[in-house]
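Heads up: the sequence shown begins at 27 in my numbering, then just goes up one per residue.
Hints are supplied without guarantee of correctness; some may be wrong.
Claimed, not checked - Keeping only pairs whose Cα atoms sit at most 25 Å apart, straight-line, the calculated PhoX-like set for lysine-lysine is: (1) 151 <-> 132; (2) 294 <-> 231; (3) 231 <-> 242; (4) 349 <-> 319; (5) 319 <-> 294; (6) 71 <-> 90; (7) 297 <-> 319; (8) 319 <-> 231; (9) 136 <-> 151.
Unchecked claim - Derived CB-CB ranges, DEER-like: (10) 86 <-> 200: 44 to 50 Å; (11) 191 <-> 324: 23 to 29 Å; (12) 58 <-> 299: 52 to 58 Å; (13) 191 <-> 46: 36 to 42 Å; (14) 165 <-> 348: 29 to 35 Å; (15) 297 <-> 143: 52 to 58 Å; (16) 211 <-> 332: 23 to 29 Å.
The hints are simulated quantities; they were obtained by calculation from the structure and are not laboratory data. All values reported here derive from a predicted model rather than from experimental measurement. Glycine included, C-beta positions come from ideal geometry on N, C-alpha and C.
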Amino acid sequence: MSESKSLIRQWRLLRMLADARNGYTVRELQEEMSVSLETIRRDLKDLAAGGFRVRETVGFRGVKRWRVEDFEDNFHLNITDLLSIYVGRQFLEPLAGTPFWDGQQKVFSKIRGALGEPALRYLQKLTKSLYATSIGTSDYSHRWAMIDQLMIAIEDRFVSLIAYQSDQASEAVEQEIYPQGFVFHRGSLYLVAWAVQRNAIRTYKVDRIETVQTTKLSAVIPENFDLAEWLEHSFGIFRSGSDRPLQTIRICFTREVARYVRESRWHKNQKLIPQPDGSLIADFMLIDTQEIKRWIMSFGPNATVLEPDELVEEIRRDLEQMKRTYECRPQHKHS
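Starting from the given sequences, assemble the full structure and let the hints guide the process.
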């Protein structure tokens with residue numbers, strides 16, 4: 027099992043221990059987490075080694091229970107720390123519905139209680155000077171149960187059955203998948219999973235998953251999947267397969283947008299080469315061109331693909347289709 031999946035499970039265990047007034051026995055934790063006693067004991071040891079105050083106490087009739095103590099004695103936040111956390115809450119809104127959201131809401135609730143109404147009214151005025159756009163972001167506040175089921179499937183390597191409606195389908199289709207991990211990308215959450223019918227890794231937008239049923243069947247493949255490695259040579263979250271060779275994508279940006287391109291890191295292997303006339307040559311080593319093609323076309327005439335020839339031809343066909351679409355557009359009379 028990959029380290030990331032162990033960390034997800036330990037995060038869930040930490041949440042349980044933090045919320046438990048009287049703690050849990052190892053047996054109760056084992057039943058709740060649906061893993062072996064050895065795994066629970068190893069996770070408790072790892073959390074303690076990681077600096078968390080995981081403690082075993084002996085209670086009534088000698089029953090041993092585990093809980094985690096707060097950091098309050100050594101975790102001092104002054105008033106400006108609290109204000110900064112509260113003002114920045116709007117940037118965490120896209121995580122609503124994920125396992126991390128409940129904890130954040132508890133933090134904000136405690137801050138509101140500590141500050142009081144007058145201070146909160148002051149903060150409301152302050153937050154108006156700092157605004158986070160929400161164009162294209164998804165709302166997962168009503169999908170927390172579904173996401174939680176998928177998180178459990180990732181942690182425990184369980185087979186899941188989902189009803190998924192792709193962007194090209196007219197209705198949802200049930201699929202058997204082995205969930206591997208989540209990716210948060212441009213305001214939306216995506217599930218990366220092994221698709222049994224396709225015999226390959228596929229990406230599913232969580233917004234399009236209508237139902238989830240987690241089984242107790244063990245997912246046997248892939249054995250050592252690494253999410254970061256899978257996405258290493260993608261421009262976003264999609265890639266067509268594992269057998270495609272890397273290729274150089276070279277783009278020329280005009281001087282009108284060169285500075286904008288230079289100001290951001292679009293991919294970790296990007297090479298940006300300024301030109302004497304103010305233009306910019308950008309090189310990327312990628313497996314798939316699906317997402318970078320959309321990004322290139324968003325610059326309109328200010329971006330030109332230099333290579334590969336296949337991508338040049340693909341964009342040329344798309345532009346010709348767009349031209350025909352606009353030429354055939356019916357004329358609307360204005361009243």
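Verification of the hints:
Between the alpha carbons of residue 151 and residue 132 the distance comes to roughly 22 Å, so the proposed pair stays at or under 25 Å and holds. Simply put, residue 294 and residue 231 have alpha-carbon atoms about 24 Å apart, close enough for the 25 Å limit, and the pair holds. Of the supplied pair hints, the one linking residue 231 and residue 242 holds, its CA atoms being roughly 24 Å apart against a limit of 25 Å. Straight-line distance between C-alpha atoms of residue 349 and residue 319 comes to about 18 Å, which keeps the hinted pair within the 25 Å bound.
For the suggested pair residue 319 and residue 294, the alpha carbons sit about 18 Å apart, so the restraint of at most 25 Å is met. Proximity of residue 71 to residue 90 is assessed by CA-CA distance (about 15 Å); at most 25 Å being required, the pair is judged to hold. As the CA atoms of residue 297 and residue 319 are separated by approximately 17 Å, the hinted pair is consistent with the 25 Å bound. For the given pair, residue 319 sits about 20 Å from residue 231 by alpha-carbon distance, which is consistent with the 25 Å threshold.
As the CA atoms of residue 136 and residue 151 are separated by approximately 20 Å, the hinted pair is consistent with the 25 Å bound. Separation of residue 86 from residue 200 is about 48 Å and conforms to the stated range, judged on CB atoms against 44 to 50 Å. Checked against the given bound of 23 to 29 Å, the beta carbons of residue 191 and residue 324, roughly 26 Å apart, stay inside it. Checking the proposed 52 to 58 Å range against residue 58 and residue 299 shows it holds: the Cβ atoms sit about 55 Å from each other.
Take residue 191 and residue 46: their Cβ atoms lie about 39 Å apart, and the range 36 to 42 Å holds. Our hint of 29 to 35 Å for residue 165 and residue 348 holds, since their Cβ atoms are close to 31 Å apart. Taken as a hint, the range 52 to 58 Å holds for the pair residue 297 and residue 143, whose Cβ atoms sit roughly 54 Å apart. One distance hint, 23 to 29 Å for the beta-carbon pair residue 211 and residue 332, holds here, with the actual separation near 27 Å.
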